[in-house]
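Top line first, the protein sequences correspond to chains A and B.
All residue numbers for the first sequence refer to the working numbering, where the first residue is 1 and numbers rise by one.
All residue numbers for the second sequence refer to the working numbering, where the first residue is 291 and numbers rise by one.
Hints in this document: simulated from the structure, not taken from any laboratory.
Treat the hints with caution; some may be incorrect.
Stated by the list, open to error - Which stretches of chain B does chain A cover? Using the computed rule of at least three CB atoms under 8 Å from a CB of chain A, they are:
#1 365-379
#2 387-395
#3 419-429
#4 454-467
To be verified - Per the computed footprint, the stretches of chain A lying under chain B, defined by three or more beta-carbons under 8 Å from a beta-carbon of chain B, are:
#5 73-85
#6 100-113
#7 145-151
#8 178-190
#9 193-207
The beta carbon of each residue, even a glycine, is placed where N, CA and C say it ideally should be.
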Amino acid sequence: MSIDLGLKPGVGTAATSFNEREMQICTVARMVENGKTYWVAGGGGPMYAVLLAIKLYAPGAQYITEDGVIAPEPMLPFEPVMTMVSSRAGYRALAWGTMNSAGNHAQLGLMDYGILNTLQVDRYGNINSTAIGAYGERARRFGGPGGADSIAALCWRTVLMTDQEKRKFVERVDFISSPGFLDGSAGARERAGLPPDTGPWRVVTPWAMYDYTGDRLLRLIARAPWVTVEQILAACEFPPVVADDVGVLSGPTEEELQILRAELDPRGQNTAERSAWVVYDGETYTRAEG
Amino acid sequence: MRVLAEGTSEYLAVDPDGYRAYVRDHKQRALVPKLMSEHEAVARFVADGEYLVYDCNYFQRGPSSLIREVIRQGKRDLWLCGKFTYVDIGLLVGGGCVSRVDCGFFWPGATIDNAVREGRVRVFEYSNIVMTLRLQAGAMGLPFLPVRSFGGTDGFAHSGAKLVEDPYTGKPITIVPALNPDVALIHVQQADRYGNARVFGTGIAHQESALASKKVILSAEEIVETEEIRRDPGRTSIPYYAVDAVVHAPFGAWPGNCAGYYGSDTPAVIETFAAIAADRVAPYIEKYVTPFADDRAMLRQVVGDERLAKLRAAETISEGYRA
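Kindly generate the complete structure, drawing on both the sequences and the hints.
Structure (structure tokens):
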């Protein structure tokens, strides 16, 4: 019995040529629900996924950014990094606030979903964006959690977007910058002072979708049509639970790609980054290696 | 309150009574003109060894010209509030101005990596909103604030936060220490000569930073008459008595976007990122900071009036940004 992935069917005809980053963004876009609030990290996949969803799948979804913008109708595209505290990003919003207003609203429970990009994520959905290696002077330093810590702590459900690579999809992150289920034990988040009934909800990679079992274990529930379950498991540092019936995700549609490429990211700032190409001949998806 | 767990990092000493006494003795309650040059403002109000907060950042309505002036004057041993920031930390570290950083978010790269590895800079871990809440506590005259995030992370362990038993609910709650910086740098769209300031659009923590900081330097795109402030008092974001210096700085947020005034200078934004990534801040400073007496001279000679006019023309949105 297959799991209901809760994905909307793709609008339009199946695309014949796309990259795996585009696949990941389209998959997240199809998860977005009308009438819900999304606190999205500034820029990149999460914001593109929500904007794509609002245009194609869920016109009544609203998004909020860390600078306190509520439900904007942004003037696209964005100049590089100008996804917050910029006039185009905040255009035609319903309200403008500040970082503390966004944080307070999330703390009150007004944010249904958070969507995050992650540098490194572990089996309990803990996110590392601080340092790779043993913390201290020897570690390679990254930028810190930014707003992701608050998104991961305070939204009712968190969707994590990450690459399907062993070094990024690890047993235990080197540093918990933003909280998942922490050590995975029951009540760990609540014991740390985080609000109950929150936490990671889905993990979406270019190859796969995961959810969490009732006891907070990562579970593979769907795969891209051009990879096997075995290939996915080989790209995890740890073995996730595998659902009895792993679903198959649909590839992007031409309509999705048109919006993504022409309206949201015409410079290819995010979607054209290093990621494999996939072609579809009407019957089979083929991934171009290298 | 029972302390259940606590971070082990150094944090700026919490002293709300000391801050009140400072406010009593130093914050001007009289309407005193505070217009001065960026050189005078930074020379008078930023000292070596101080804790410095800037609001927004070098790319988004940030006090970019004031940050360049801090580098120009060779300030040393600063402790930075690194919330919601891309290149600012890297520029100030590369300029040799920094010894400590409270990290919410900054753009990483070789400049910071090398400084941390060589022990020149120490980083303490927070998140953006934990830092703005620390400023909120400082702006309320309180010693700390509770927060529903941050607990359970490794950042918590490397911070000044504590997990305590909430005396009201009995449940665990994280508390974070109030932050009262020595000095704040804030760029605003409009201010009068007394420091009554208007921020248009969203922001990070301009009000909290202004009220929490001992010394406040504003840079403003426009200096407006106080009559204009009185015409629409609801738009005053920062009241005069929080402010120590007002600098008239058209294009003070360059190369960033100043909402309603000019768009970002994309090639210059990318150039700044590249300098941090490759640890090439010194040549950046030699190009944009040290040869010039002030930022206006740099803008005129390096950026040029024609490019600035284009950036102004590119900012087509005015809704919400004009009185």
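Do the hints match the structure? See the list:
1. Counting residues of the segment 365-379 of chain B whose beta carbon lies closer than 8 Å to any beta carbon of chain A gives 4, which meets the minimum of three for the stated coverage.
2. Here the segment 387-395 of chain B counts 3 residues with a CB under 8 Å from a CB of chain A, which clears the bar of 3, and the coverage holds.
3. As drawn, the segment 419-429 of chain B meets chain A at 5 residues by the rule of a beta-carbon pair under 8 Å; at three or more, the given contact holds.
4. Judged by the Cβ-Cβ criterion of 8 Å, the segment 454-467 of chain B is covered by chain A as claimed, because 4 of its residues qualify and three suffice.
5. With 7 residues having a Cβ less than 8 Å from any Cβ of chain B, the segment 73-85 of chain A passes the three-residue criterion, so the hint holds.
6. Beta-carbon proximity to chain B at under 8 Å applies to 4 residues in the segment 100-113 of chain A; the threshold of 3 is reached and the given coverage holds.
7. For the segment 145-151 of chain A, the stated coverage by chain B is satisfied: 6 residues place a CB nearer than 8 Å to a CB of that chain, which reaches the threshold of 3.
8. With 6 residues bearing a CB less than 8 Å from a CB of chain B, the segment 178-190 of chain A meets the requirement of three and the coverage assertion stands.
9. Beta-carbon proximity to chain B at under 8 Å applies to 3 residues in the segment 193-207 of chain A; the threshold of 3 is reached and the given coverage holds.
In summary, the structure agrees with every hint in the numbered list given earlier.
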